[in-house]
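Participant: Chains as they are written, first to last, in the working numbering: chain X, 1 to 355; chain Y, 356 to 710.
It is possible that part of the hints are untrue.
Restricting the straight-line Cα-Cα distance to at most 27 Å, the calculated cross-link-like pairs of lysine-lysine (DSS-like) are [as the list claims (entries may be wrong)]: (1) Y:Lys640 <-> X:Lys283; (2) Y:Lys616 <-> X:Lys289; (3) Y:Lys640 <-> X:Lys261; (4) Y:Lys644 <-> X:Lys261; (5) X:Lys283 <-> Y:Lys644; (6) X:Lys261 <-> Y:Lys616; (7) Y:Lys552 <-> X:Lys21; (8) X:Lys289 <-> Y:Lys640; (9) X:Lys289 <-> Y:Lys638; (10) X:Lys125 <-> Y:Lys552; (11) X:Lys285 <-> Y:Lys618; (12) X:Lys289 <-> Y:Lys644; (13) Y:Lys644 <-> X:Lys285; (14) Y:Lys436 <-> X:Lys210; (15) Y:Lys616 <-> X:Lys263; (16) X:Lys81 <-> Y:Lys565; (17) Y:Lys640 <-> X:Lys263; (18) Y:Lys618 <-> X:Lys263; (19) X:Lys261 <-> Y:Lys618; (20) Y:Lys638 <-> X:Lys263; (21) X:Lys289 <-> Y:Lys618.
Example chain Y residues on the side facing chain X (calculated, C-beta under 7 Å, incomplete) [said to hold, decoys possible]: (22) Gly554; (23) Phe595; (24) Asn598; (25) Gly606; (26) Ser619.
If you are wondering where the hints come from, they were derived from the structure by calculation, not from laboratory data.
Computed from a predicted model, the values in this text were never measured in an experiment.
Using N, Cα and C, we set each Cβ at its ideal position, and we do this for glycine too.
Protein chains: 2
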Amino acid sequence: MNTSAGSKSYRIAVDCMGGDKGPAEVVFAAAMALEDIGPEDTLILIGQEEILTPLLQKAHIVDNPRIKIHHASEIIAMDDKPMQAIKSKKDASMIRALEMVKAGEADAMVSTGNTKVLVGAGTLKLRPMPGADRPALAAIMPNHRGHFILMDVGANPESTPEHLVHNAVLGSLYAQAALGMEKPRVGLLTVGTEEGKGGERINHTHAMLKKLGDQINYVGPVEGFDMFEGEIDVVITDGFTGNVLLKSLEGLFYMLQGLIKEKSGFNLLYALGFLLLMPVLSKLKHHLKPERNGGAPLLGLSALVMKAHGSGNRNAIRSAIRLGREALSHNMTSRMQDALIIAKEKLEESDLIVQ
Amino acid sequence: MNTSAGSKSYRIAVDCMGGDKGPAEVVFAAAMALEDIGPEDTLILIGQEEILTPLLQKAHIVDNPRIKIHHASEIIAMDDKPMQAIKSKKDASMIRALEMVKAGEADAMVSTGNTKVLVGAGTLKLRPMPGADRPALAAIMPNHRGHFILMDVGANPESTPEHLVHNAVLGSLYAQAALGMEKPRVGLLTVGTEEGKGGERINHTHAMLKKLGDQINYVGPVEGFDMFEGEIDVVITDGFTGNVLLKSLEGLFYMLQGLIKEKSGFNLLYALGFLLLMPVLSKLKHHLKPERNGGAPLLGLSALVMKAHGSGNRNAIRSAIRLGREALSHNMTSRMQDALIIAKEKLEESDLIVQ
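With the hints as extra help, turn the sequences into a complete structure.
Facilitator: As structure tokens, this is what we get:
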């Protein structure tokens, strides 16, 4: 596998099929992403050629040397099950993209398709990196001062203390690569910050995280309301809680939007009020907009897989490509592999690993 | 124990000490609550007499025959540990309030103090009702159309499938008592609505809930973003996820408030905009205000214990007293006991209980 460490140009495979908004959205995202990535980088668009070619024409990138098409005849559907999809749809665009990364024909892949299949097929094709058993999805979320990383947001609903510790190490490096933080503050999400609260799994994880010493900047257990204040840069939780949290917050935003519309109705004075507040609202929207950071890497695999999340529109996909490129230029995957080995040694010395 | 079934007047013990905002807030809440409860009902205020008497004078309820003081010399602090507090602070107001309920001298108790001690001491003094192992906290939350019940929001972080099923039965009856719903729709919070997603615990719980047949109106697994749409009346989850969710949503509200203030700064046009939108904002605030439903019962105990949550201000405490009174007049605790027995029989027939 070619992780392209040290090289200056990267090839990113983009799975164009199977997203909620269709391949056009992905193709336009790729066209926009050309502005973000390096001048020598290539985007390999994977999907049904007869569908992609006219879309590339529309997006004026059909003759662009930095864009390539790679044909794949099948599509992973949103309700496909992982094992079944991997077996029966060997020529699906998502599977082909993973195989290109495996074969060293691409340095990373981006997909907007079925998360469950991406996690399953990604794990099977690319394997977890030594020291990590299971990959985790890391989302970038807004807080009062800027952004923080929440992980796992859904790859592994039954995370063990070991998985949570791996995620703390991986998340910390991702915060460096994606948010430019030097010493990201890592917190363990729980239901009370005194030691002993939150159950056996939290206590055990907390003890292990403390043993990592200065390998990560672990600040201790954090509660739900600490998350948005801006004092924690990486919030670690299991994939069940993280996924519920991510989707609930999304649901809450939609509710607020809907309620404001409903409670205001049509009224000229209200319209004027909204108009006057437009600069505030647009600053707020810009700060909160999930699209700005609409990509979540599947951390812990031996090569980089990005899931475009949120609305899955072109802005979200564009940002997934940009975040993937940033991670590549930080040589993130190889740093993570090194860091996990160090963490493992520290924990073995301290006798805290239970398998 | 006197659950006062069928009687028309109730005595509610109110723990006045140990809340974040101090006893004055509780005394003023009690004074306000006199408007909500029945004309024959009594509120028994428990705490240090020398502190409470002047506060009652201030609140103009010192001679009110519906208000009584019951002296207790000690206070449970916010950082007290359950077992230690129960042993060493026998004359704490919270413990005395629980003992009055146990002795049949009060029909329910309300506290704004340390949740962990309330759960521990409540379970020890009042015992779980037959069929329930552990109590759960049920919070009322806003959704697009009105309100729903989220439980458990923190009493039992390590809920088993059996606990979750008990909570579904209890929560359904609480929605009837507190929100006036006839056939509340019950959903099981998970990370994907297809069967088989969410892990073993969710699958097992789902199978048991289906076996309850028409005892509850179980609509199946629900995801984070379904929660606020208004299609689910009772959302069941473990006490870890529920607590994280409750506190995160609270944190998010504070963040939004803070961001709006910051991004607007001082500007006359913005001030005018806010002024014009005042009716919308106040309708929105009224809909979302946690104080309106600032009480969470500790369901599954053999008598009614209410925790005043959220800000713990007088409005929240007043609403906890009101919700407690409503539950009493619905004879909720005894209905719950009957319902749990029926549920247990159904599950035993279906062979789905694993202990």
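Participant: Next, verify each hint and record whether it holds.
Facilitator: Tested hints:
no.	hint	verdict
1	Y:Lys640 <-> X:Lys283	holds, 22 Å
2	Y:Lys616 <-> X:Lys289	holds, 18 Å
3	Y:Lys640 <-> X:Lys261	holds, 14 Å
4	Y:Lys644 <-> X:Lys261	holds, 18 Å
5	X:Lys283 <-> Y:Lys644	holds, 25 Å
6	X:Lys261 <-> Y:Lys616	holds, 21 Å
7	Y:Lys552 <-> X:Lys21	holds, 24 Å
8	X:Lys289 <-> Y:Lys640	holds, 23 Å
9	X:Lys289 <-> Y:Lys638	holds, 25 Å
10	X:Lys125 <-> Y:Lys552	holds, 22 Å
11	X:Lys285 <-> Y:Lys618	holds, 11 Å
12	X:Lys289 <-> Y:Lys644	holds, 25 Å
13	Y:Lys644 <-> X:Lys285	holds, 23 Å
14	Y:Lys436 <-> X:Lys210	holds, 23 Å
15	Y:Lys616 <-> X:Lys263	holds, 21 Å
16	X:Lys81 <-> Y:Lys565	holds, 23 Å
17	Y:Lys640 <-> X:Lys263	holds, 11 Å
18	Y:Lys618 <-> X:Lys263	holds, 23 Å
19	X:Lys261 <-> Y:Lys618	holds, 21 Å
20	Y:Lys638 <-> X:Lys263	holds, 7 Å
21	X:Lys289 <-> Y:Lys618	holds, 15 Å
22	Gly554	holds, 5 Å
23	Phe595	holds, 6 Å
24	Asn598	holds, 4 Å
25	Gly606	holds, 4 Å
26	Ser619	holds, 5 Å
Hint check: no violations occur; every hint is consistent with the structure.
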